[in-house]
Structures are given as structure tokens and as C-alpha cells.
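Number of protein chains: 2
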Amino acid sequence: MEGGGLPAKHKVWRLEKRPVGLVKEGDLVIHEEPLPQLTADDQFLVKNIYISIDPTQRIWMTDKEQYLPPVAIGEAMRSGTLGVVVKSNTSAYQVGDLVAGLGSMQEYSVATPAAGLQKLDKGLIQTAHIPLTAFMNVLGFIGITAYFGLLDVGKPKEGETVVVSAAAGATGSLVGQIAKAKGCRVVGLAGSADKCRLLTEELGFDAAINYKTENVEESIKRHCPKGVDVYFDNVGGDILNILVSAMNLYGRIVVCGIISQYNNEGQSSLTTLRDYEKVLLRRLRVEGFIVLDYFPRAAEAIGALAGWFAEGKVKNRVHVVKGLENGLKAINMLFAGENNGRLLVQVADEPAL
Amino acid sequence: MEGGGLPAKHKVWRLEKRPVGLVKEGDLVIHEEPLPQLTADDQFLVKNIYISIDPTQRIWMTDKEQYLPPVAIGEAMRSGTLGVVVKSNTSAYQVGDLVAGLGSMQEYSVATPAAGLQKLDKGLIQTAHIPLTAFMNVLGFIGITAYFGLLDVGKPKEGETVVVSAAAGATGSLVGQIAKAKGCRVVGLAGSADKCRLLTEELGFDAAINYKTENVEESIKRHCPKGVDVYFDNVGGDILNILVSAMNLYGRIVVCGIISQYNNEGQSSLTTLRDYEKVLLRRLRVEGFIVLDYFPRAAEAIGALAGWFAEGKVKNRVHVVKGLENGLKAINMLFAGENNGRLLVQVADEPAL
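Chain order of the listed sequences is A and B.
Using the numbering used here, the letters of the first sequence map in sequence onto residues 1 to 353.
Using the numbering used here, the letters of the second sequence map in sequence onto residues 1 to 353.
Hints should not be assumed to be uniformly reliable.
Copies of the same chain look alike in the list, so a pair counts if it fits in one copy or across any two.
Unchecked claim - No more than 30 Å apart at the CA atoms, straight line, and that leaves these computed lysine-lysine pairs for DSS-like: (1) K155 to K182; (2) K226 to K315; (3) K180 to K17; (4) K313 to K17; (5) K24 to K322; (6) K119 to K315; (7) K212 to K226; (8) K212 to K315.
The set of hints was computed from the structure by calculation and includes no laboratory data.
Make the full structure from the sequences, and use the hints.
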């Protein structure tokens, strides 16, 4: 089936050099290229509407050990995507279907069913008034990450104290909201007064700490008078090490990300957990997790999150940058902490539903 | 009831100075003192037969954060003990009862039921020919530590690879034997060729690595061709950090002890876990545990261990030093790694049963 009106060319961000430190022009380069063509029976063509900008992309740009194959030099840069099927050779995906999953930073992509793109429920979107961006955030990878990372790995109990770093970020802000929905005391760490206000005034956090201006150790003590039971770590580095010493007996540290270190090439000494003896003495559990492992259970998370979203307990905060050509700029906004909410690049207008 | 023939005086090791580095004369001092007297209705007098020498005693000698109150200056040095009741004001403990638990390094001690000393089953000891020392080793704290640390925290599956450090030590050797009983590949790290031979030739380990003479990183790769699923860490330090990089996806690091650091006052930078990012990328679980938390489930461990002991699957290896006056010498033997098996100081002859 033919979607009609397709351009002859489109734009693609390709990885041309492995970045050292921050991602610079020349590391990622945008190209205008011929529109990809369907060449096999099971293929379909997706027109991307949104692509997501994630800290983990910085890992994919390296050739260090990681949890997915590195993006090869010359390859289109991998990213989360949400798009609409505009041409299809397979009945499994039909023109007009909305699909979300792992794609890359380009206007159009050829996919097969094996790519595992999830079809979105248009009926639900219309009746429940769910914004499309929610599927790139609360009801997407981010939601699944926050849900299982906090509940399955962190296992907070009602009344316990949960601390989350990068708390104004996409995952962190959701972790805090879920922890509140579960009856925990929630303290967030963020890098500006505005972000801290957002956490306490809009997202229901009990307290927020500006790690750039406050003494984190003292602020944690003040805001966590009963100690810390779960630390959801998005950053690693010094903040991790302060938290290790603030944990209660049987505390859990959920290792979700180490954003403080992603641009520190070769300084692996920075990714250390000091005071390892506290892991012993306080019987801490320090556990890493990657959302991919939880994809088989995604429906459980999405179901719970959709409920909380409908009740207003979790908010869909997105920061949309328009235009694929701003992809590199958006990546650097993320590492500078300049985004407010889940950072998306809008590649095309949303379709009428 | 009176046990008869009690001396007027006895010997006691007291902590007189907090050691810096290795424990030296003057830190622990042996005194001859009047025999302690029963002064309350619920008291009984224990004549100690064995006291155990444990790495954790070095922690108790400090006033750093720890899992039990530090031993106070002037106090009798805490230790594991096995003894016989020689005088009692309470029907809960009768003269002739054999008792084991936490006591101190002295010939006689006054205890109450609240001290939680376990009464040993003399009938079982006689019919099953269980040596008394087994209750200070395989069927005591050590056994409970190895059993729950490996099985409850490490959760090895049949066919997985388990690595244990300080593998010729009391806990490590037992961990390896239990892992073999559970069908795992077991590799031990020890500090001499003799200890390595013991592991492979007598205790059934699949391989042993002499960490003092071998390149541990290469030896781990050679002996663990499928990677490491469980690392039972008794030592911390450099070996921990080599193992972090050898762990498989979803690997578990059981934090049982950090003996390499116990004599390193003030060098807390040594107790670091480097390559924290591997905890994330490989979804590792790093979990500390202290045997005290498992005391309520002790019977489960002792039951299983008694079965394996009867079948010859776990051996009761003890290294007995005679004479309470050799207590300090024994402590330094332990940290020099000079003992072969569970290190006990024999304070008095075993009673006829």
C-alpha cells in the first residue's frame, strides 16, 4: 500500500566520529539522502514524528563495553522514535499505524516486524485524550524504566524514604512521582532552583536539593531524618558516594545511569563506589538494571502508569525541540541539563487522528 | 548447683588500646583475675573450652561504624565461644550443658539466658560422632554464614561458576564445598601453593588460584571460561575489582568480608569498588550481609550442613592452638594467613561425654 506524497530525499544524522567529551559537530553529521526504499516482502516505511534524546545515546556513541552493539561509524544514530507507517509490504503493519520503539535519528526509516516497534492504540489515544508524546515518556521506555527500576529493583515500602538524582530528568521525575503514589517520602536532587521548585511545587516531591549550590551531605541529612532506604541513582560520581553513607540498614541502591561520567573519556577512576565497607556493614544491595530486560513485562508497567496518568498522579512533562536539524543541539542541551522534561525532537507534524 | 573444683582465679584477654594496623602486645592484654561470681537468679557460669579467632574481631576492636557495639576499652575481648556450664542459678541451663555462642576471650564467663547461648545436643554428638569443634565451624556461625551468604544472597544455579576469595579460610572453604554440593563450578583464591592444593585435592574445588604468585585476571579467565556468576567476597581490595570485570550478566557479588582492609587504618580509599559502570551494564547485584540477620533461620542451615557433613560433602577443618595465653598470637596468625582451617584457641580440655 502506498502512503502517497513521499519526498525523494530525507535527512539522517550519522555518527562519523566517536566523540571525546561532549558531542561536537563532526561527531554527528546530518546528511540529505535519497528516501530509503522497501526491497523485501516484510518491510514497511515509517515517517518519524518524534525522536527522543537520551543520556544512553552517549554510551552507544562509544565502542566501550555496553548493553547493545555500539553504533558503527557511518551508521544512522540510534534513538527512540515514534512515527506513522506510510508504506507497507506486510499486513502486520498498515499505513496509518502509529508505531514507537528503537529507531534512529532520521526522517524516514525502513523497518521489519523483527524491529519490535509497538503499535499504539489509536482508539485509546482518542477516548482517553492521551498526547502522543506520552508514548515517548510516561507510557514508553521512560515509564517502564522508572516503574521497574523503582518497584522491582528498589522495592520501596510505604513510609520509606526514596532519594532520586537527576530528579527533574525524564526518568527521575517519574521515579519520584511513582514513589509518592506508593506512599514514600521522596527527596530529589537537581541542578537549578527552577528544577527544585518544579519538583516540590508541581510534582509532589517532599523536598528537593540543588546539588550545585547546597552541601548535599547536610541537605540529605536534613531532608531525610530517618535515613535513606532507596537511592535511585541516575548519576554516579560524588553524589553516589554521599548517598552510600546516608543509606539505612538494608538500603537499596538502584543503578540506572551514570550520567555524570558519560562524557569523561578515560577517567574511569571517577566511576567508583567508595566506602564499599558500608555495603557490608549496612547490608546494602547495589543493583544495576537495564530497561531492555523488562520489555517482556512492559504491559504491567504501562497499565499501572496509564492509571496514574489518568488520575493525575504522574504528569507527562516533555520539552519539544522542533526540527531534526536541531538533533545535535538537543543532545548537548541534555548534558547541560537545560531541558525541562523529557527531551524530544519533533521531526514532523502529528497526524490528525 | 555447684560444678565443684572451681579455681579462685582465671585469665581474661582485655582490649586496652585500639590497635593501629596489626594487633600488637599492649592492645590486647591478658590478666589473671578473680573468678567471676554468680550474683543474680538467672545467671550461670560457663567454663570455656574453645574460643574462635575471626577477622571480624578486628572490626570490633575499632570504634568505627560497625554492626555490633565496639568492644569498649578495658572490656574482655568478644569472641565466639564453646563451653560447658559449671554452675547455674537457672533451670534453663544446667551444669554439664554444652553451650556455644558469642562470649569473650576468657576462661570462665557469667552468662544469662538473654545471651542466647545455644545448647548443643549431646545425644546427637555421641550417636553421630560429631566433633565438638564442628559447632565452632561447619555447624556454627561459620556454617550459617557460608550457607545463607552463598545460597540466599548469591543464589547460584546448578552449572554456574562460583568464585570465592580467602577460599582456604573457614568461611571460604565451606562456601566452596556447599557450591560443589549444589553442582556449581568452583574456583578458589588463596595465598599459598599448599592452600591451593588443599582446595583442589581435598575440598573438591575445580581450580585454585594463588593470588600472591599468579596474575589473577588471567587465571580467572582461564579457570572460568564461561565467566563468573557468583563472587563470594571475603577480601575486598584489588581482587574485588578484578572480579567486577569478570562477572557475567546478572552476576551476584556477595559482600561477606573485607579482610584485606581491616588492618588499613585510615586508608578508606582502598575500600572502593571501581568500574561501578559494570554494575549497570552487566546488571550486577552487589549485596552485603551479616550472619546475625540469619540467626532466626539458623536451624535450616544447620540441618542441611549436618546432612552434608554426614555424607562427607563438607569437611570440618580446624586449626587448634592450645592455651588461652596464645590468643594474641592466634589473631596475628589469622591475618598472616598462617592457619589451615578454622582457627580455634583451646582453653580447656574437652569434657568426657
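Taking the hints in turn, this is what the structure says about them:
no., hint, verdict
1, K155 to K182, "both (10 Å within a copy, 29 Å between copies)"
2, K226 to K315, "within (28 Å within a copy, 45 Å between copies)"
3, K180 to K17, "neither (42 Å within a copy, 49 Å between copies)"
4, K313 to K17, "neither (42 Å within a copy, 57 Å between copies)"
5, K24 to K322, "within (20 Å within a copy, 71 Å between copies)"
6, K119 to K315, "within (22 Å within a copy, 59 Å between copies)"
7, K212 to K226, "within (24 Å within a copy, 44 Å between copies)"
8, K212 to K315, "within (26 Å within a copy, 56 Å between copies)"
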